[in-house]
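Please work from the sequences and hints to get the whole structure.
Listed here are the chains, written in short residue letters.
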Amino acid sequence: MKPHNLGIIGVGQTTYVTRRDDVTLPELAREAAATALEDAGIEFKDIDGVVFSLALDALEGIEGGEKWCAEALGGYGKPFLRVHTGGAAGGSAVHTGFFHIASGHFNCVLVVGSEKMGETPDAQSVLNQIFDPIYERELAINAVNMCSFQAVRHMKKYGTSEYHMALVAVRSRKNALNNPYAHIKKEVTVDDVLNSKMICYPLKLYDCCPRSTGSCAVVLASESFIKKIRKKKVAWIKGVASCTNSYYMGDRMNGSCINDYADSEALFLAAKKAYNMAGINNPNREIDVAEIYAPFTSTELAAVEALGFCEKGESGICNEKGIFEMDGEIPVNPSGGVLTANPISATALARVAEAALQVIEKAGERQVRKVGTAVATGEGGSLQFYTVTVLSNKI
Amino acid sequence: MKVAIIGVGQTSYGEHKKKSIDELVFESTQKALYDSGLQRDEIESVVTTGSDGLDGRAISNMITAGSSGAYLKDEVKVSDGGIYGLVMGYLRVASGLFDNSLIVSWTKSTESSPELVSNMAYDPFFLRDCGFNSVTSLAIEASAYVNIAKVKENDAADVVLKNRRNATRNHLSHLSGSPSKRAIISSNFVSYPIRKGHLPPKSDGACALVMASEKKAKSLDKYPAWILGLGWSRGEYEAGGGDSNKLFSLGKSSKMAYKMAKIKNPVDEIDVAEVSDITAYHEMMIYEALGFCGYGEGKELINDGVTKFGGKLPVNPSGGILSSNPIFASSLVRVAEAALQVMGHAGKRQVNNAEVALAHGFTAMSTQGSCVVILGN
Amino acid sequence: MEGDQIFVTQHWDIKYNHAAGETGSTFFKAIMDKKVILGKKCPKCKRILLPPRSFCERCFVETSEWVNVGKEGKIEAFTIVYEKFEGLPNPPYAIAYVLLDGASTAIANFVKGIDLKDINQALNHIKVGAKARVAFKRKREGRITDFWYEII
Ligand SMILES: [Zn+2]
Numbered sequence: 001m002k003p004h005n006l007g008i009i010g011v012g013q014t015t016y017v018t019r020r021d022d023v024t025l026p027e028l029a030r031e032a033a034a035t036a037l038e039d040a041g042i043e044f045k046d047i048d049g050v051v052f053s054l055a056l057d058a059l060e061g062i063e064g065g066e067k068w069c070a071e072a073l074g075g076y077g078k079p080f081l082r083v084h085t086g087g088a089a090g091g092s093a094v095h096t097g098f099f100h101i102a103s104g105h106f107n108c109v110l111v112v113g114s115e116k117m118g119e120t121p122d123a124q125s126v127l128n129q130i131f132d133p134i135y136e137r138e139l140a141i142n143a144v145n146m147c148s149f150q151a152v153r154h155m156k157k158y159g160t161s162e163y164h165m166a167l168v169a170v171r172s173r174k175n176a177l178n179n180p181y182a183h184i185k186k187e188v189t190v191d192d193v194l195n196s197k198m199i200c201y202p203l204k205l206y207d208c209c210p211r212s213t214g215s216c217a218v219v220l221a222s223e224s225f226i227k228k229i230r231k232k233k234v235a236w237i238k239g240v241a242s243c244t245n246s247y248y249m250g251d252r253m254n255g256s257c258i259n260d261y262a263d264s265e266a267l268f269l270a271a272k273k274a275y276n277m278a279g280i281n282n283p284n285r286e287i288d289v290a291e292i293y294a295p296f297t298s299t300e301l302a303a304v305e306a307l308g309f310c311e312k313g314e315s316g317i318c319n320e321k322g323i324f325e326m327d328g329e330i331p332v333n334p335s336g337g338v339l340t341a342n343p344i345s346a347t348a349l350a351r352v353a354e355a356a357l358q359v360i361e362k363a364g365e366r367q368v369r370k371v372g373t374a375v376a377t378g379e380g381g382s383l384q385f386y387t388v389t390v391l392s393n394k395i
Numbered sequence: 396m397k398v399a400i401i402g403v404g405q406t407s408y409g410e411h412k413k414k415s416i417d418e419l420v421f422e423s424t425q426k427a428l429y430d431s432g433l434q435r436d437e438i439e440s441v442v443t444t445g446s447d448g449l450d451g452r453a454i455s456n457m458i459t460a461g462s463s464g465a466y467l468k469d470e471v472k473v474s475d476g477g478i479y480g481l482v483m484g485y486l487r488v489a490s491g492l493f494d495n496s497l498i499v500s501w502t503k504s505t506e507s508s509p510e511l512v513s514n515m516a517y518d519p520f521f522l523r524d525c526g527f528n529s530v531t532s533l534a535i536e537a538s539a540y541v542n543i544a545k546v547k548e549n550d551a552a553d554v555v556l557k558n559r560r561n562a563t564r565n566h567l568s569h570l571s572g573s574p575s576k577r578a579i580i581s582s583n584f585v586s587y588p589i590r591k592g593h594l595p596p597k598s599d600g601a602c603a604l605v606m607a608s609e610k611k612a613k614s615l616d617k618y619p620a621w622i623l624g625l626g627w628s629r630g631e632y633e634a635g636g637g638d639s640n641k642l643f644s645l646g647k648s649s650k651m652a653y654k655m656a657k658i659k660n661p662v663d664e665i666d667v668a669e670v671s672d673i674t675a676y677h678e679m680m681i682y683e684a685l686g687f688c689g690y691g692e693g694k695e696l697i698n699d700g701v702t703k704f705g706g707k708l709p710v711n712p713s714g715g716i717l718s719s720n721p722i723f724a725s726s727l728v729r730v731a732e733a734a735l736q737v738m739g740h741a742g743k744r745q746v747n748n749a750e751v752a753l754a755h756g757f758t759a760m761s762t763q764g765s766c767v768v769i770l771g772n
Numbered sequence: 773m774e775g776d777q778i779f780v781t782q783h784w785d786i787k788y789n790h791a792a793g794e795t796g797s798t799f800f801k802a803i804m805d806k807k808v809i810l811g812k813k814c815p816k817c818k819r820i821l822l823p824p825r826s827f828c829e830r831c832f833v834e835t836s837e838w839v840n841v842g843k844e845g846k847i848e849a850f851t852i853v854y855e856k857f858e859g860l861p862n863p864p865y866a867i868a869y870v871l872l873d874g875a876s877t878a879i880a881n882f883v884k885g886i887d888l889k890d891i892n893q894a895l896n897h898i899k900v901g902a903k904a905r906v907a908f909k910r911k912r913e914g915r916i917t918d919f920w921y922e923i924i
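Each protein sequence line maps, in turn, to chains X, D and H. So in our numbering the end of the first sequence lands on 395, straight run, no missing numbers. So in our numbering the end of the second sequence lands on 772, straight run, no missing numbers. So in our numbering the end of the third sequence lands on 924, straight run, no missing numbers.
One should not assume that every hint holds.
As the list claims (entries may be wrong) - In the DSBU-like style, the derived pairs of lysine-lysine whose C-alpha atoms are separated by at most 35 Å in a straight line are:
| # | chain 1 | residue 1 | chain 2 | residue 2 |
| --- | --- | --- | --- | --- |
| 1 | X | Lys227 | D | Lys397 |
| 2 | H | Lys899 | X | Lys174 |
| 3 | D | Lys412 | X | Lys394 |
| 4 | H | Lys843 | X | Lys157 |
| 5 | D | Lys610 | H | Lys843 |
Think of the hints as simulated: they come from the structure by calculation, not from any bench. Values in this document were obtained by computation on a predicted structure and should not be read as measured data.
The structure is reproduced here in structure tokens:
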């Protein structure tokens, strides 16, 4: 059986900032939801179901905050699900919305992510709590050093340098100047990055994402619903896949092992499946723009390789050549990406939202020329959960 | 597309001191795979459901990815409760993208304090500081019920006795046997009108199911449990409203499920039900919200023996949550037990001629969210 | 209160008693009583797993055989932390994944005995591929911090 066709018909984002003291978590969630519905030209009553992306409860300080948010999102009396795959939750939420409609049981689903981590003093102390309490939590592992481990392996395996990582930061921050929703809007030079404060070797301050507050929402609709409301600009969802790796980072660290921690193997497998579903044979040629979940510069280097934009180990050189710049062969993160805004529960959803805006050519100043196909990714856990979503302007 | 449950795996329920959380999960997953006849390699999709707060892990499906069979598979975690894992699995298979899906849910209730964790589920401004948690919020619903529907202590005790007696036929059950009615009625109030004897135990355990597409299910030499109907819905976050004992979200979700399953008269068309008896009073409220009887008439179904083992519509032949409560997994256990009934694999607790079964679960502290599944053979 | 805005401070303080399980308990007891590191071998793929596991997630079978792995090995990944994170140790400190001789997977712990104040000096010693050995705490209590790594 072929899944029913569906696409994104509305996108809503708040501006991402450090804190929002004027709203509660549900009020924040509702902002993006209302904007997305307005963008789609429909109302809360037109929605058949809601999918809520909410990552770490402890970041909000509320156990299962979806309970508090359900009514604000029009969930009263309606099917409502919360998904949580850490940072990948937004990607998982889009996929869940996809399955609702592809199954033929739903016509219009609202997908929302909302993050208010500005209220906890230090996100990394919470992120330490994701690690196994018996073997790893006491070792002070958190999201920064978890990615440092990948960075040092990538450096050793392929000769990648801190300079290559700095190039990613420079490009992301330059792109973010074109994005009205970005949190960090300050350009930096390669030297600024290299001289910024060391956080967890080899990651320095400007290699790292900020912690952001904000929400994002997309409206998914079936082909028949889209015809009924006569929506013209649609980002059709052509490919969805996710892949979960081992929790154990150390299982992916052994000189001879496949599935090496340096390489984001699960992203590679998810991309392969999503490309296959979307009929993409040569990602390098067929994908016009990518929005990648990469909270650290080194994460993006491994990701572009896993996505097939270049060979393994060549991401550093490709960055030197400018392949991922706005005017390059495959512009990566025209929004500025996660390095310039990371509202965790909404981040992977924002990647899909930004990719959708590119596909329907409503990305404003950050619009890439001639976009037919875009890819968006999500990443969560111990570089463990990956989601890949392929969007197209053709059904 | 039709979707079926083709395998069920459960650990026993109780205190599991010798097993870590992922070891419990592994046991249930391995049993479900064995029951389905599929190998892990053949699994295309995995859905996990666990509570980070109860597990003490900020993304608890990280550690359970391996034990739930998700290594290098398409996996997602649903955070609303076990039965919502079934919803997710259904949608994934029904989309045509996956031929099968493994659903796994777990809780080690004895490793933390569910009452304290559930207090953290309340908003930090209005409810958390007022002592709301998993027990007090249910007590508020129950007190409205006791007062408006004139339910007696005796009725609540009879619900407990029915389910504990049923549990004697379930070798996996945490509690079983018959406490004396006097012991229940004289047990301490935990939160009025709920007494200690009206509440479930705190159990450790895991439950797993294997679901498959129609094509796959028919290709196996099996008696699958077909999913005939599915409904899920949310109600109000705050439990205070006068109508809260009418379980709005359950009424909504049962209507959705009955419509899909084309059920017009649930009492006549459903042969057995496994519902989330999170308190003795709630089992009676559930009968009413499911349309088994009118408002306030739940006690009569108990008094008349309609829902006892051997009655017209047996409810919780497994012993229900009042006998085993691996909190997050409890609602998936309802589906597993209902599936065993229609498959004819329920052993000593098998209800005769069980062709259509209903499974029900709640999510959130009070009964804010509900899910209803109708299974048939 | 800040201006007209009300802020309500809340803390989470929930105690958890995490069961390490029989497999985990055997591993910690061997460290406490005998100062040995035990891995568990998968009967199918033959990987020797550290931390030890009672099942192999790839082959989906139970493991049963304990294997005494070496107390020396090679750093597979590391970091040196220079930022103070709330609730976590005072920097600087180093964490490394070490593939102990005979094991198939790397296990994490702190690296001690190197002056971390000057990062360039520290990086001369702590690097991917560098050899490290296990050192044990004198008073061991059944936690992962009962041992750490030292650079050889
Ligand atoms: Zn193996």
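Right, here's what the structure says about each hint:
A C-alpha spacing of about 27 Å is found between lysine 227 of chain X and lysine 397 of chain D, which places the hinted pair at or below 35 Å, so the restraint holds. Restraint check for lysine 899 of chain H and lysine 174 of chain X: the C-alpha separation of about 33 Å stays at or below 35 Å, so the hint holds. With a C-alpha separation of about 56 Å, the suggested pair lysine 412 of chain D and lysine 394 of chain X falls outside the 35 Å cut-off, and the hint is violated. At most 35 Å may separate the alpha-carbon atoms for a hinted pair to count; lysine 843 of chain H and lysine 157 of chain X meet this at roughly 25 Å.
Taking the CA atoms of lysine 610 of chain D and lysine 843 of chain H, the gap is about 53 Å. The hint is violated against a cut of 35 Å.
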